[in-house]
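2 protein chains.
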Amino acid sequence: MKHKFLGYRCSLCGEEYLHEEVIYVCPQDGGNLDIIYDFDALKKTLSIESLLTSREESIWRYLALLPLGTGLEEPTAITHVGWTPIYSPARLKQVFDVSDFWVKDESCNPTASFKDRASAVVVSRAKEIKADVVVTASTGNAGAALAGMAAAADHKAVIFAPRSAPPAKIAQLLIYNATVLLVDGSYDQAFDLSIDAAEEFGWYCRNTGYNPFTLEGKKTAALEIWEQLLYPGSLKDPLHIFVSVGDGNIISGLHKGFKDLLELGWLEMMPRIYGVQSEGSAAVANTFLAGDENIIPVSANTRADSISVDLPRDGVRAVRAARQTGGKYITVSDEEIMTAIPELGQVGVFAEPAGAAAYAGYKKALIQSIVNHDAPALVLNTGSGLKDVNAAMASVKPAPVIEPTLRAIEKALNKI
Amino acid sequence: MKHKFLGYRCSLCGEEYLHEEVIYVCPQDGGNLDIIYDFDALKKTLSIESLLTSREESIWRYLALLPLGTGLEEPTAITHVGWTPIYSPARLKQVFDVSDFWVKDESCNPTASFKDRASAVVVSRAKEIKADVVVTASTGNAGAALAGMAAAADHKAVIFAPRSAPPAKIAQLLIYNATVLLVDGSYDQAFDLSIDAAEEFGWYCRNTGYNPFTLEGKKTAALEIWEQLLYPGSLKDPLHIFVSVGDGNIISGLHKGFKDLLELGWLEMMPRIYGVQSEGSAAVANTFLAGDENIIPVSANTRADSISVDLPRDGVRAVRAARQTGGKYITVSDEEIMTAIPELGQVGVFAEPAGAAAYAGYKKALIQSIVNHDAPALVLNTGSGLKDVNAAMASVKPAPVIEPTLRAIEKALNKI
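Protein sequences appear in the order of chains A and B.
Under the numbering used here, the first residue of the first sequence is numbered 1, with each subsequent residue one higher.
Under the numbering used here, the first residue of the second sequence is numbered 1, with each subsequent residue one higher.
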């Protein structure tokens with residue numbers, strides 16, 4: 001019997017490869033590879049009903065739609081990743097005068113970011129192909145996610161991080177027992193170094209926008225949004241999804257998930273996907289606006305470290321995610337990002353700057369009438385605010401210090 | 001029809017009160033109040049089967065076993081709290097030479113600690129009794145949890161924190177839009193001040209070991225352990241549960257949950273509950289060892305800020321939780337706690353010092369033959385390591401900085 005996972009298709013030249021022919025990118029032009037499924041076979045074996053009644057409360061409920069299980073061993077369901085909650089915050093709906101608004105909160109993933117989805121699938125793949133060491137270059141979340149997922153699966157991870165990464169993220173790498181090497185150079189240098197090291201030492205490279213399995217892990221968020229919100233078609237208009245964009249792999253993953261659902265005939269309306277970038281790191285937004293697929297590197301400078309990227313490694317697919325779904329790209333200033341942190345906080349969601357950026361983008365889209373107030377919208381918070389406490393503290397007024405007396409309380413409360 | 005929630009019983013003198021008669025502690029001796037249920041009625045209306053098939057993946061699956069719903073409004077199911085994962089880390093089972101070992105990880109709660117369970121129930125209660133403002137004194141997690149749950153429920157919170165609380169925890173309070181007052185004094189002074197302020201300004205006080213609803217929120221962890229691990233009785237021996245103890249309310253909450261299950265006839269064997277305290281903050285352990293119920297304050301000094309408590313406000317019930325279940329108290333040094341952080345990390349669980357303390361206690365109990373290697377054991381991680389990144393960094397060796405060359409990698413790897 002053929003496996004559901006048929007092979008790869010280059011996102012640039014369209015060339016197809018069998019799944020044992022290539023590992024990372026297209027040998028001809030370096031393009032990112034899309035994984036091809038045998039949807040005819042899947043349609044015959046899968047039923048929505050069995051999925052909807054699954055008691056697996058993690059991304060592993062979608063195992064049948066992941067490119068795993070080609071090895072001799074059963075795929076390893078590593079730890080409790082995904083199946084994150086969707087909130088519908090009343091206060092923000094009132095403020096924005098909208099009736100359908102949701103936040104999907106990825107901060108409750110095991111390492112507190114969206115990236116666990118990708119790392120869990122990559123580590124599972126590594127186990128299948130008997131790759132003993134997984135390596136990645138990361139500014140933080142992807143590395144922490146790889147370190148955490150590898151630890152949970154008792155697998156070996158090596159992480160190259162730029163030495164400027166935030167302390168909380170480096171702490172996670174070390175605690176999860178990864179081999180951490182702080183590269184005295186840029187993220188791009190760390191990226192190239194990790195690829196060279198993978199080749200030199202026979203490691204399996206998880207790099208985003210390079211390893212085709214990260215996208216498949218990330219698409220599970222789209223599958224969840226579909227299952228938690230869209231099925232069986234209660235919305236009258238397409239859902240408008242706002243997601244922050246750095247290297248472009250998350251937005252591309254969401255797009256892939258919805259495309260897979262369309263192929264299966266399970267999705268009624270393709271959501272419109274809106275990419276939000278920081279003005280200081282807007283390479284993908286620039287390309288979107290230029291109307292082509294030519295990604296020109298920038299010299300990134302933004303407070304939102306997780307989406308601070310000079311050269312987006314998955315830029316082309318990221319542009320298409322918005323372009324092909326009727327979405328757009330929106331850029332926001334660091335000031336707008338910082339304002340967004342306490343605004344999301346006041347409804348109980350504590351986001352890191354990159355996560356808050358998506359919310360800032362939605363707000364701007366409403367104000368500038370890019371989206372209507374009656375358009376159903378979802379904002380994805382991609383990471384916990386605990387990842388960058390300094391940014392959080394800078395986004396709010398400090399708390400007053402008082403003497404332990406009732407009089408001091410009264411005085412302080414009058415001032416607030 | 002009578003409500004399932006009949007009233008309160010003082011944990012010290014045994015005096016009973018109707019649920020509208022008192023709010024916080026016993027008017028006669030200040031003892032903590034236990035909530036009394038009409039178990040005969042509950043037994044008639046509740047079925048295990050309907051619980052086990054519930055699709056509510058949060059503490060609200062146990063709403064029927066919570067003292068809510070006495071108001072005119074339906075109880076408010078605030079946000080996605082609890083129903084946290086239980087892991088069975090292969091590597092640690094091998095290291096310890098044990099066959100049944102689990103970690104229940106509370107770090108994936110919305111504000112990244114166990115305390116969300118209590119705060120969600122208290123805020124829900126506040127809504128029922130139309131208390132517009134909820135106040136608490138907290139060294140960190142309880143305050144963050146109250147602020148987060150209040151934000152999610154669009155409710156007003158006031159938090160008194162000692163000005164020495166860790167920055168990550170203060171950041172959470174502010175981001176969640178609570179009114180934060182940093183008290184220039186000890187936690188005990190902040191505690192007393194919050195009670196005075198509640199009375200003076202008509203606020204509802206959430207303080208741990210004072211408000212009887214926190215215990216009910218915390219008992220949900222026991223209900224989950226039962227449902228996820230113990231039902232329908234697959235273990236041959238009683239489960240040994242290790243939990244860190246500060247003010248004593250978490251361990252008392254676990255005990256209450258299991259007692260409720262016994263009353264319902266749903267629990268086969270009462271687990272043995274082991275309290276773990278820091279040597280520098282061991283008031284409850286001291287009382288346990290003394291064999292009485294006389295809690296003598298200490299001058300607490302430990303790196304594990306969440307369990308650093310001079311006067312445990314729920315000490316008596318905390319002593320009983322171990323004593324009445326055949327458990328014990330174990331004290332661990334700060335060094336043992338710090339060593340525990342990366343040991344838990346290497347299986348994918350990133351704990352704050354207080355959370356790691358429970359693991360350190362289990363390890364010590366094994367080494368000292370306080371528990372056997374064939375005893376099934378569960379360690380509760382009560383909070384995320386991201387809450388105290390400085391402690392995490394102090395528990396591991398710093399990562400080496402390298403030039404971006406393969407040669408530098410080889411050199412660094414040889415040293416590791």
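A couple of the hints might just be wrong.
Which copy is meant is left open, so a pair is good if it fits within one copy or across any two.
[As the list claims (entries may be wrong)] BS3-like cross-link-like pairs, simulated, lysine-lysine; straight-line CA separation at most 27 Å:
1. Lys328 / Lys397
2. Lys156 / Lys93
3. Lys259 / Lys397
4. Lys328 / Lys156
5. Lys156 / Lys130
6. Lys43 / Lys156
7. Lys411 / Lys259
8. Lys156 / Lys411
9. Lys130 / Lys44
10. Lys93 / Lys130
11. Lys236 / Lys43
12. Lys236 / Lys256
13. Lys130 / Lys364
14. Lys44 / Lys328
15. Lys156 / Lys397
16. Lys236 / Lys130
Simulated from the structure, these hints should not be mistaken for laboratory data.
Going down the list of hints, with the structure as the test:
Taking the shortest alpha-carbon separations for Lys328 and Lys397, neither the intra-copy value of 34 Å nor the inter-copy value of 45 Å comes in at or below 27 Å. Taking the shortest alpha-carbon separations for Lys156 and Lys93, only the inter-copy value of 18 Å comes in at or below 27 Å, while the best intra-copy value is 45 Å. In the homo-oligomer, the alpha carbons of Lys259 and Lys397 never lie at most 27 Å apart, since the shortest distance is 44 Å inside one protomer and 45 Å across protomers. In this assembly of identical chains, Lys328 and Lys156 lie within 27 Å of each other by CA distance neither inside one copy nor across copies; the values are 39 Å within and 37 Å between.
Taking the shortest alpha-carbon separations for Lys156 and Lys130, only the intra-copy value of 12 Å comes in at or below 27 Å, while the best inter-copy value is 53 Å. In this assembly of identical chains, the alpha carbons of Lys43 and Lys156 never lie at most 27 Å apart, being 36 Å within a copy and 50 Å across copies at closest. Neither within a single protomer nor between protomers do Lys411 and Lys259 lie at most 27 Å apart by alpha-carbon distance, with minima of 58 Å and 46 Å respectively. In this assembly of identical chains, the alpha carbons of Lys156 and Lys411 lie at most 27 Å apart only when taken from different copies (19 Å versus 56 Å within one copy).
In this assembly of identical chains, the alpha carbons of Lys130 and Lys44 never lie at most 27 Å apart, being 31 Å within a copy and 54 Å across copies at closest. Taking CA atoms no more than 27 Å apart as the test, Lys93 paired with Lys130 passes between copies only; the shortest distance there is 23 Å, against 49 Å inside one copy. Taking the closest pair of Cα atoms, Lys236 and Lys43 come within 27 Å of each other only inside a single copy of the chain (26 Å); across copies the shortest separation is 44 Å, beyond that limit. Within a single copy, Lys236 and Lys256 get their C-alpha atoms as close as 22 Å, which meets the 27 Å cut-off; across copies the closest is 47 Å, which misses it.
Taking identical chains as interchangeable, the C-alpha atoms of Lys130 and Lys364 are never at most 27 Å apart, the minima being 47 Å within one chain and 36 Å between chains. For the homomeric pair Lys44 and Lys328, neither the shortest alpha-carbon distance inside one copy (35 Å) nor that between copies (56 Å) is at most 27 Å. With identical chains, the CA atoms of Lys156 and Lys397 are at most 27 Å apart between copies only, with a shortest distance of 18 Å across copies and 42 Å within one. For the identical chains of this complex, Lys236 and Lys130 are neighbours neither inside a copy (47 Å) nor across copies (37 Å), given an alpha-carbon limit of 27 Å.
In the structure shown, a violation is registered for the earlier hints numbered 1, 3, 4, 6, 7, 9, 13, 14 and 16, in ascending order.
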